[in-house]
Amino acid sequence: MENQKQHQAAYMRRSLLDQGYLDEQFIHLEELQDDANPNFVEEVVKLFYTDSARFIRNIELALENGPCDFARLDNLMYQFKGSSSSIGATRVKRQCSQFQEYCNAKNIEGCKNTFQGVKQEYATLKTKLEAYFQVSLSLIRYIGNYSKD
Amino acid sequence: MGMAAADLQFHVLAVDDSLIDRKLIERLFKISSCQVTTVDSGSKALEFLGLQEEHDDQNNPNQPCVSPSNQQEVEVNLIITDYCMPGMTGYDLLKKIKESSSLRNIPVVIMSSENVPSRISRCLEEGAEEFFLKPVRLSDVNKLKPHMMKTKCKSQLQEPEKLVTEEKQESIEIAHVVPSQPQKESDTTQQQQQQLQANSNNNKRKAMEENLSPDRTRSRFSSLTTV
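Residue numbers (the numbering used here), protein chains in the order written: chain A, 1 to 149; chain B, 1001 to 1227.
It is possible that part of the hints are untrue.
[What the hints assert, rightly or not] Derived pair list, reagent style DSS-like, types lysine-lysine, alpha-carbon separation capped at 25 Å:
hint, chain 1, residue 1, chain 2, residue 2
1, B, Lys1030, A, Lys46
2, B, Lys1150, B, Lys1098
3, B, Lys1023, A, Lys128
Honestly, the hints are just simulated from the structure, not real lab data.
Please read these numbers as outputs of a predicted model, since none were measured by experiment.
Next comes chain A alone, as it looks inside the complex (with noise of 0.2 Å):
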């Protein structure tokens, strides 16, 4: 049971990396687990779901509200960039660097458009991390549960 979750839990994580959802940046957050701090990755990725929707809910709002602020949209990109990157979120950084460029040239309808695809590139990886961390956080409460120590 614990060799197939494992088994499963690595391939998930393969096929993320090897999909371009996620970077070895995200390797590196799980080479910061230990024991002791089991939840590492989790939590962060939760503050990275809350971070995420906050910029999402004021970008929307600066997109419909009457004249373009561009230096707002920029900076609320560039921060929601920023948390993406501290994740490994590959396609979702991708994104927020093309609204940015749409920005910089001060095109509302590159920026309309890009931002839809910012919203679902997050949509999709906040799915599979959800399904990830399903089967990879039930192997450290089976290990936890079994373990010695």
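Put chain B on the given structure of chain A with help from the hints.
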């Protein structure tokens, strides 16, 4: 963990407006056995360091120990700060620290997600020890131990009989070195230079890792620590 062990730990002040990055930095340094305090702005960092106008008359350039307004002692061995922050940038914070007689010897490291060469050189010129591109990795943090060693308070290093001279030991505690034989003119100058070097550059002291005097009486300011 007893008082002695805690005092041998390095204390890092991490400054970043991003919650995720504060969490990451904290984890990286804790894994490296450091005590970590995180704040979300440059102004809060200065507040923590006790740097207010009226406190800037401290003339203890060799000690990173400062007394904030509430009279408790804080020892900070490293400040690591994000560059881009609202209000005070990491660069502004760096400047303020280097302008302070009580704080300027604390090594400062800047982090940024943007690779802008002019920004990097400006920070290094202003006195930053290192400039890390985000996301910061454990390998980056490992480079910082030598910098932090430099700032351990002298009072913690006064155990001359425990000095260990091993492979790379060049530095010695000045106050306790007695030349074993008479010095020639040229030797004296060289020795003085070495001692001056040792005074401000204790970064290779193996003695740090041993248990030094257990009767520590200095209190630790820890209400902001996110341990």
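To see whether the hints hold, each was checked on the structure:
1. With a CA separation close to 20 Å, the supplied pair Lys1030(B) and Lys46(A) stays within the 25 Å bound.
2. This hinted pair checks out: Lys1150(B) and Lys1098(B) have alpha carbons roughly 16 Å apart, not beyond 25 Å.
3. For a cut-off of 25 Å, the pair hint linking Lys1023(B) to Lys128(A) stands: about 23 Å separates their Cα positions.
Checked against the numbered hints given earlier, this structure breaks none of them.
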